[in-house]
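> Each chain is listed here by its residues.
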Amino acid sequence: MPLELCRIDDRLIHGQVIVGWGNYLKPDRIILCNDAVAQEDWQREMFESSGDMVSFKLDISIFTQGETLSFFKQDEFEKEKIILIVESPREICELVNEGAPIGRVNVGGMHYKSGKVQIAPYIFVDDEDIKYFKMIIEKDIKLEGQDVPTAKKIDITELVYLI
Amino acid sequence: MVGGILITHGPMAQALIKAGETILGKIQYIYGFSTTDLSIATIVERIDSIVHDEEWPHDTLILVSLKGGSCWNAALTAKKKLSNIEVVSGINLSMLLSFVTKRNEEPLAKLAQTVMSDGIRGIDKHE
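Going down the list, the sequences are from chains A and B.
Each residue of the first sequence is one higher than the one before, counting from 0 in numbering that gives the first Met the number 0.
Each residue of the second sequence is one higher than the one before, counting from 0 in numbering that gives the first Met the number 0.
FYI, nobody ran anything at the bench for these hints, they're computed from the structure.
Heads up, some of the hints might be wrong.
Claimed, not checked - So, partial list: chain B residues that the calculated Cβ filter (under 7 Å) puts toward chain A: (1) Thr35; (2) Leu37; (3) Lys66; (4) Gly67; (5) Asn72; (6) Leu75; (7) Lys80; (8) Asn83; (9) Pro106.
As the list claims (entries may be wrong) - Covered, in the sense of this in silico footprint (three residues per stretch, anywhere, with C-beta under 8 Å from a C-beta of chain B), are these stretches of chain A: (10) 40 to 52; (11) 61 to 70; (12) 151 to 158.
We put the beta carbon where it would ideally sit given N, CA and C, even for glycine.
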């Protein structure tokens, strides 16, 4: 089945993801695709522990980009309802370039850092983010800002070309 | 004496400290952070400088609003990076009051347990 939600969030798995989207979509699995986290045991444990916050059966998988791409080719991927979390637009481009089946991207949180400009209440971008956003748009992938399930969606495509 | 740091969503940390102070008076050695206002990295940096202040107690209990939330992730990152820190989630007023009244009597690890069980004891359904 297609990915239930593919989300850019620089806080990775946190309250909005696990309690907000988790309870709303009731996925079988949340995949956190992040090479740095996948290589640090304490960070893996930290993000895995968020699974205790829901009362339904939920697997949390912390994968490198390579492991994420392999998972997309396995049988489980066809059977399961999945939320995919990445840190930045760059990773979306990298996954899509390797054939990941992503047709729609939720931009959930790109927080302020020095040198970034605000384009939405919870979205701050720099030149690199804009470059990758444009690459995503050019691949005909829909880009929508939405921090929590009850919030109104923001059309990012329009905002990216206004800058 | 154990120092206290609250990390919560929205204005909850500051509000809890204010609520605690209406019951117990001015609370010393306590800070409140909001993950809504600050990045995780900034919160971890601030905790680093707080616990290294020579006035600050040797041990610190970090109380957060939601296990699995960004407050939890910030607290666990601080605990990994720094020493003499324990983390307890699910902060409520009973837990804050327990912490403030017992922080002079109990060592850090025991205090973390006590605060947790006092918090649970304060949750009840009236029959």
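> Evaluate each hint against the coordinates.
Verification of the supplied hints:
1. Thr35: With a minimum Cβ separation of about 10 Å from chain A (threshold 7 Å), the hint on threonine 35 of chain B is violated.
2. Leu37: Violated, about 9 Å.
3. Lys66: holds (6 Å)
4. Gly67: holds (3 Å)
5. Asn72: Holds, because the Cβ-Cβ distance from asparagine 72 of chain B to chain A comes to roughly 6 Å (cut-off 7 Å).
6. Leu75: holds (5 Å)
7. Lys80: Interface hint status for lysine 80 of chain B: violated (10 Å vs cutoff 7 Å).
8. Asn83: Cβ of asparagine 83 of chain B sits 17 Å from chain A, so the hint is violated.
9. Pro106: Violated, about 24 Å.
10. 40 to 52: Holds: 8 residues of the region 40 to 52 of chain A have a Cβ under 8 Å from chain B.
11. 61 to 70: violated (count 0)
12. 151 to 158: Per the Cβ count (0), the hint is violated.
Violated hints, in rising order: 1, 2, 7, 8, 9, 11, 12; the structure is consistent with all others.
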